[in-house]
Amino acid sequence: MASREFKRVYNKLGKFLDPVGLFLLLAVFVLPALTVVNLSPRSNQVNNVLGVESKKDVSVVMVGGVHDFLKDERISFPSEGVSKYEAQMIKHDIGSYSKPILQLSNNYESAMNLEVTGGSSNRTNIPLYLIYREKEYLIQDENGITNVANIRIPDRTKDIMYLKFDTSTPLRFNENVEVTIVQK
5 MASREFKRVY
15 NKLGKFLDPV
25 GLFLLLAVFV
35 LPALTVVNLS
45 PRSNQVNNVL
55 GVESKKDVSV
65 VMVGGVHDFL
75 KDERISFPSE
85 GVSKYEAQMI
95 KHDIGSYSKP
105 ILQLSNNYES
115 AMNLEVTGGS
125 SNRTNIPLYL
135 IYREKEYLIQ
145 DENGITNVAN
155 IRIPDRTKDI
165 MYLKFDTSTP
175 LRFNENVEVT
185 IVQK
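In my numbering, the protein residues as written are 5 to 188.
Check each hint, because a few of them may be wrong.
Taking lysine-lysine and the PhoX-like style, the derived pairs with C-alpha atoms no more than 20 Å apart in a straight line are [claimed, not checked]:
#1 K75 with K139
#2 K88 with K162
#3 K139 with K162
#4 K188 with K168
#5 K60 with K19
#6 K139 with K168
#7 K16 with K103
#8 K168 with K95
#9 K162 with K60
#10 K103 with K88
#11 K95 with K75
#12 K188 with K88
#13 K60 with K88
#14 K103 with K139
#15 K139 with K60
#16 K75 with K88
#17 K103 with K168
#18 K168 with K88
Derived from the structure by calculation, the hints contain no laboratory data.
Make the full structure from the sequences, and use the hints.
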């Protein structure tokens with residue numbers, strides 16, 4: 005009698021449990037598949053998203069290296085859009101010296117302008133030049149007067165900036181050199 009009663013209840017509930025069981029079985033396979041699809045990276049990124057702007061700046065990286073006339077090179081970023089390169093010029097003889105100091109990268113879609121200033125700590129009679137893309141920019145003349153160099157960085161470029169100085173008399177003491185780059 006009990007087994008007959010059990011079969012009767014099982015048949016009535018079976019009509020409702022079978023669809024629920026199939027639904028749960030389907031959910032076990034479908035939900036992980038949907039999760040994987042939603043978490044996969046998308047390669048077709050939209051560039052015109054409201055509120056998103058590509059960063060408009062020039063990346064400044066120090067080149068470094070060992071040279072006989074510059075030591076203690078360092079770069080700092082005092083504020084956004086400002087880079088400061090500092091080094092110590094070692095005493096040396098008469099001559100012209102040049103060294104790669106910074107790598108400038110513009111990953112933006114348009115050209116960027118830089119305002120570059122600099123000079124030596126004692127403002128001696130050593131003219132200082134920056135060389136970028138085979139063009140010389142005078143930042144300190146032989147009288148110690150500093151100049152502002154406006155440099156245009158073309159879009160999507162990566163180039164090296166050099167520091168060049170000419171000495172007409174031997175440098176007898178070490179001297180600090182500073183180059184400040186401001187993005188405009």
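Checked against the structure, which of the hints given earlier come out wrong? Of the numbered hints given earlier, those the structure breaks are 1, 4, 5, 7 and 15, listed in rising order.
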